[in-house]
Amino acid sequence: MVKTKQQKAIDFLINNGVIIVMFILVIYTGITNDRFLTANNLFNILMNMSSRLVIALGIAGCVITAGCDLSAGRMIGFAACIAGTLLQKIDYSGKFFEGMQPLNIFVALLVVLAITGAFGAITGFFIAFLHVPPFIATLAMMEIVYGLALIYTGATPLGGYTTEYTNIATGKFLGISYLIWIAIIVAAITWFIFNMTRHGKYMYAIGGNPQAAEVAGVPVRLTMVLIYMKAAMMYGLAGFMLGAKAGGASVNLGLGYEMEAIAACTIGGVSVTGGRGKVSSAIIGVAVFELLKAALQYLGVDANAQYIFIGLVIFVAISLDIRKYVAKK
Amino acid sequence: MNLEGIINQMGIEILVFTVCLYFGTRLIITRDVKIIKKENPESIRHPKEYTLYAGLIILFMGIAAIVMGIVSFFNPTAALVVIVVSVLIMGFMWKYIHEKYA
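These protein sequence lines map, in sequence, to chains A and B.
When we follow this note's numbering, the leftmost residue of the first sequence carries the number 1, and every step to the right adds one.
When we follow this note's numbering, the leftmost residue of the second sequence carries the number 1, and every step to the right adds one.
If you're looking for bench data, these hints aren't it; they were derived computationally from the structure.
Values in this document were obtained by computation on a predicted structure and should not be read as measured data.
A few of these clues could be false.
[To be verified] Incomplete in silico selection of chain A near chain B, CB under 7 Å:
1) 122
2) 126
3) 130
4) 131
5) 132
6) 133
7) 139
8) 143
9) 144
10) 146
11) 147
12) 208
13) 211
[To be verified] The calculated label-pair distances, taken between Cβ atoms and stated as ranges, are:
14) 28(B) x 90(A): 48 to 58 Å
15) 88(B) x 173(A): 56 to 66 Å
16) 22(B) x 110(A): 38 to 48 Å
17) 101(A) x 46(B): 54 to 64 Å
18) 173(A) x 22(B): 46 to 56 Å
19) 3(B) x 304(A): 20 to 30 Å
20) 248(A) x 22(B): 34 to 44 Å
Ideal Cβ positions, reconstructed from N, Cα and C, are used throughout, including at glycine.
With these hints in hand, go ahead and build the complete structure from the sequences.
Here it is in structure tokens:
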């Protein structure tokens, strides 16, 4: 059936309704508040976006295969704690490993990525080889990682980081924070993986129809393990970035970030029903989400009431996504 | 420790238990395979049995989370062992029901 221009316009408005409403809100906030649309504030929003984008890009891979990853938040907290314990100043009074020289930040990052990657691979193994639904497998992994993080740190908050580590958040290159550069590089690598590699093609094929993909010769199981491992490594990187930004960490760092990341992906256009989604979708989703949070803050909305707004946005975005899926069917 | 303290320490475990209880009982009562397999639900050969055992496994996971929370009051390492063993059991039980009914 050929759609008329009017129908196409209505579809466009419905499908992008959340983004349009949020841009109107941002413009309104910019007009009513002089401090909102300033370079300083926009850089702050970009800084906040950087770690969220890394998480969203990790989760996007899982969502494209019609999965999800509820362990992201706990993985971020655990990663930040591992990095924190390895990068404390030698003379810090509350040092976790007394007398241990702080590691080189790249070595510490590799350790963090290896550990989180291993947990991601285990999650992927459960999903791909034991056929546990992603929702349950990642929920279980969330519990395990949380327990491990509690035992590892003894539930003690960490601090006293070396300046090399905190420089990741404070340092700049070409006037732009290192955190933003990291997010740009991760986005570029993810774009390359999604669009230019066989792994990326397999990912979309599995999301579209896993049975058909398997029949077509796609190594479904191995691809699934790689997707969850890659995602977990991204959470590790995000935890590393957040630890540097906060100058400290606890096991509760990153709590609830997985929900925001899934919501951001959905707002941007990564379908929760699988098979659809791009890197630009995650970027748009995260940008819209962070702009919304900043705009609500500038409009003086009560901090607790902001959760209601964010919840409503998630609700509407996912409902619209399901609507698109039903219409397509 | 008072009730508030217990809820604070066991918050995540209670949340996991509630989610598992919801999905587990829903699966057992409705026997609707679409709850856990949205894409290609027809690929499950014996949906009634599959949903029954899947629901029971999810309930098992929820109970394991609560047990972990209780054990963590006495020994955090033992609590970790409880959840790791439970997840392993869950994984292999899932593989078993998948091979038998899917």
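Hints, one by one, checked against the model:
1. 122: Violated: closest Cβ of chain B sits about 9 Å from residue 122(A), beyond 7 Å.
2. 126: holds (5 Å)
3. 130: With Cβ-Cβ at 4 Å, under 7 Å, it holds.
4. 131: Holds - the Cβ of residue 131(A) comes within 7 Å of chain B, reaching about 4 Å at its closest.
5. 132: holds (5 Å)
6. 133: Since the shortest Cβ distance to chain B is 5 Å, the answer is holds.
7. 139: Where the cut-off is 7 Å and the nearest Cβ of chain B is about 6 Å from residue 139(A), the hint holds.
8. 143: holds (5 Å)
9. 144: holds (6 Å)
10. 146: Hint on residue 146(A): holds, closest Cβ of chain B at ~6 Å, below 7 Å.
11. 147: holds (4 Å)
12. 208: violated (9 Å)
13. 211: holds (6 Å)
14. 28(B) x 90(A): 48 to 58 Å: 57 Å Cβ-Cβ, so the 48 to 58 Å window holds.
15. 88(B) x 173(A): 56 to 66 Å: Violated, since residue 88(B) and residue 173(A) (Cβ atoms, about 45 Å apart) do not stay within the stated range.
16. 22(B) x 110(A): 38 to 48 Å: holds (40 Å)
17. 101(A) x 46(B): 54 to 64 Å: holds (59 Å)
18. 173(A) x 22(B): 46 to 56 Å: holds (48 Å)
19. 3(B) x 304(A): 20 to 30 Å: holds (23 Å)
20. 248(A) x 22(B): 34 to 44 Å: About 36 Å separates the Cβ atoms of residue 248(A) and residue 22(B), which means 34 to 44 Å holds.
Violation of the numbered hints given earlier is confined to hints 1, 12 and 15; the remaining hints are satisfied by the structure.
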